[in-house]
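Sequences listed follow chains F and E, in order. Taken in order, the first sequence gives residues 6 to 227; the numbers are from the numbering used here. Taken in order, the second sequence gives residues 6 to 227; the numbers are from the numbering used here.
Any given hint might turn out to be false.
It does not matter which identical chain is used: a pair holds within one copy or between any two.
[As the list claims (entries may be wrong)] Using 20 Å as the maximum straight-line C-alpha spacing, the simulated EDC-like pairs for lysine to aspartate or glutamate come out as follows:
id	residue 1	residue 2
1	K209	E33
2	K47	D215
3	K62	E73
4	K53	E65
5	K102	E167
6	K54	E33
7	K7	E73
8	K102	D76
9	K7	E85
10	K102	E130
11	K102	E89
12	K64	D76
13	K28	E154
14	K98	E167
15	K194	E130
16	K7	D76
Hints listed in this document are in silico derivations from the structure and should not be mistaken for laboratory results.
Each chain is listed here by its residues.
Protein chains: 2
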Amino acid sequence: MKALVLFSGGVDSTTCLAIAVEKYGKEEVIALSVYYGQKHDKEIQAAKKIADYYGVKWKELDLSEIFEGSDCSLLKSSDEAIPEESYSEQLRKTDGKPVTTYVPFRNGLFISCGASIALSNGCCEMFYGAHSDDAAGNAYPDCSSDFNEAISRAVYVGSGNELRVTAPFVGMNKAQVVKEGLRLGVPYKMTWSCYEGGDRPCGKCGTCRDRAAAFLANGIVE
Amino acid sequence: MKALVLFSGGVDSTTCLAIAVEKYGKEEVIALSVYYGQKHDKEIQAAKKIADYYGVKWKELDLSEIFEGSDCSLLKSSDEAIPEESYSEQLRKTDGKPVTTYVPFRNGLFISCGASIALSNGCCEMFYGAHSDDAAGNAYPDCSSDFNEAISRAVYVGSGNELRVTAPFVGMNKAQVVKEGLRLGVPYKMTWSCYEGGDRPCGKCGTCRDRAAAFLANGIVE
Numbered sequence: 006m007k008a009l010v011l012f013s014g015g016v017d018s019t020t021c022l023a024i025a026v027e028k029y030g031k032e033e034v035i036a037l038s039v040y041y042g043q044k045h046d047k048e049i050q051a052a053k054k055i056a057d058y059y060g061v062k063w064k065e066l067d068l069s070e071i072f073e074g075s076d077c078s079l080l081k082s083s084d085e086a087i088p089e090e091s092y093s094e095q096l097r098k099t100d101g102k103p104v105t106t107y108v109p110f111r112n113g114l115f116i117s118c119g120a121s122i123a124l125s126n127g128c129c130e131m132f133y134g135a136h137s138d139d140a141a142g143n144a145y146p147d148c149s150s151d152f153n154e155a156i157s158r159a160v161y162v163g164s165g166n167e168l169r170v171t172a173p174f175v176g177m178n179k180a181q182v183v184k185e186g187l188r189l190g191v192p193y194k195m196t197w198s199c200y201e202g203g204d205r206p207c208g209k210c211g212t213c214r215d216r217a218a219a220f221l222a223n224g225i226v227e
Numbered sequence: 006m007k008a009l010v011l012f013s014g015g016v017d018s019t020t021c022l023a024i025a026v027e028k029y030g031k032e033e034v035i036a037l038s039v040y041y042g043q044k045h046d047k048e049i050q051a052a053k054k055i056a057d058y059y060g061v062k063w064k065e066l067d068l069s070e071i072f073e074g075s076d077c078s079l080l081k082s083s084d085e086a087i088p089e090e091s092y093s094e095q096l097r098k099t100d101g102k103p104v105t106t107y108v109p110f111r112n113g114l115f116i117s118c119g120a121s122i123a124l125s126n127g128c129c130e131m132f133y134g135a136h137s138d139d140a141a142g143n144a145y146p147d148c149s150s151d152f153n154e155a156i157s158r159a160v161y162v163g164s165g166n167e168l169r170v171t172a173p174f175v176g177m178n179k180a181q182v183v184k185e186g187l188r189l190g191v192p193y194k195m196t197w198s199c200y201e202g203g204d205r206p207c208g209k210c211g212t213c214r215d216r217a218a219a220f221l222a223n224g225i226v227e
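Take the sequences, apply the hints, and build the full model.
As structure tokens, this is what we get:
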């Protein structure tokens, strides 16, 4: 294996997967999906189907035990509702803190799990799909370019210079991610974004709104 | 809770635990131990007993699934024997690579799990016991001060500036760790170091030799 992709089954990580497959070929790519207690665990079913579509090896981890005790609204264990507002509306109320759907150090955890799995399988590169819209206003601090620089260096140094982290969208907004994915023919209809995890996307949560805006910016109404 | 300690049940992490308890009091400290497929999983029994001794909350995680595929000699799944040599002898043969008992990105993985658990429980500080002997010659690159700086920054930034990582021994050798532990009255007889995991320490593996030398430097023959 050559590359591991952190793969939620959403828009950004599916675009990452397309990039990794284009670079290395499907036989050399592992996609890693994580159940961590999220209300929208149906994203994992989407991830499995998309991994099959691309013909890559797929691995699932259950890390839900780690977030016992967290009051993050994204988790089934939380009584707090997922905000039905855009991120910019949510950020007006957080006083510089992350939004309530921030899962404590989730990207750091996934990147570290991914690094251990990547190195155990001989990979030299790991992809993840953080982009600048998610980092804006400190909504998700583990999506920022500052975080990416630090964790990338930690992985490179801590692996004995064997593994590099690539975050191709860290300087892009979501509309630019979708533009790149459309060029690559990403099957976006197979992806899942909504945080509510209902039968159909709610259209109201922050990530539904972001998704719609990103497609609209590319002239697409889903 | 105020602090989380990555806690293997060995000399270094037990000394870390003593420091955290001295700073915050036993009611405010969580000790986290991880089963990752190590041959010497009896260290986890030692960890449980020492956590009881200190009266701190103890949590165990099973992450063994992550290292499936690794050929690291420390793992039960590996056919490779644990070297019966000192680290300096081992390093003569590795051509600048880590030793065969390096577990891929283990410290990064544990620190990230610890960060998510710490933040889910309201902690502001996380301790781990890396020291300079382990980092020497790139034996364990995830024990180096370079790695520590990068991962500490990743945790601080990625947590929205909520959690700091403290590696009190990153600039010390193991003899200095033991000296600090003796001052704190650490019950070293309860700790476990040997990588073989037999009934008694083998006295031949790298960590047995390091342990004996560190105690001898403090005038103690165990």
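Each hint tested on the structure:
1. Taking CA atoms no more than 20 Å apart as the test, K209 paired with E33 passes in neither setting, with 38 Å inside one copy and 39 Å between copies.
2. Taking the shortest Cα distances, K47 and D215 sit within 20 Å of each other inside one copy (19 Å), while across copies they are farther apart (49 Å).
3. Taking the shortest alpha-carbon separations for K62 and E73, only the inter-copy value of 14 Å comes in at or below 20 Å, while the best intra-copy value is 29 Å.
4. With identical chains, the CA atoms of K53 and E65 are at most 20 Å apart within one copy only, with a shortest distance of 9 Å there and 29 Å across copies.
5. Taking identical chains as interchangeable, the C-alpha atoms of K102 and E167 lie at most 20 Å apart only when they sit on different chains, with a minimum of 10 Å there against 35 Å within one chain.
6. In this assembly of identical chains, K54 and E33 lie within 20 Å of each other by CA distance solely inside one copy; the values are 18 Å within and 44 Å between copies.
7. Within a single copy, K7 and E73 get their C-alpha atoms only as close as 34 Å, which misses the 20 Å cut-off; across copies the closest is 16 Å, which meets it.
8. Taking the shortest alpha-carbon separations for K102 and D76, only the intra-copy value of 14 Å comes in at or below 20 Å, while the best inter-copy value is 42 Å.
9. Taking the shortest Cα distances, K7 and E85 never come within 20 Å of each other, neither inside one copy (40 Å) nor across copies (24 Å).
10. In this assembly of identical chains, the alpha carbons of K102 and E130 lie at most 20 Å apart only when taken from different copies (18 Å versus 32 Å within one copy).
11. For a Cα distance limit of 20 Å, the shortest separation of K102 from E89 inside one copy, 18 Å, qualifies, whereas the shortest one across copies, 51 Å, does not.
12. Taking the shortest alpha-carbon separations for K64 and D76, only the inter-copy value of 19 Å comes in at or below 20 Å, while the best intra-copy value is 27 Å.
13. Taking the shortest alpha-carbon separations for K28 and E154, neither the intra-copy value of 22 Å nor the inter-copy value of 31 Å comes in at or below 20 Å.
14. Proximity of K98 to E167 under the C-alpha cut-off of 20 Å is restricted to the inter-copy arrangement: shortest distance 18 Å between copies versus 42 Å within a copy.
15. In the homo-oligomer, the alpha carbons of K194 and E130 never lie at most 20 Å apart, since the shortest distance is 27 Å inside one protomer and 43 Å across protomers.
16. Only between protomers do K7 and D76 lie at most 20 Å apart by alpha-carbon distance; the minimum there is 17 Å, versus 37 Å within a single protomer.
When held up to the earlier numbered hints, the structure conflicts with 1, 9, 13, 15 and fits the remainder.
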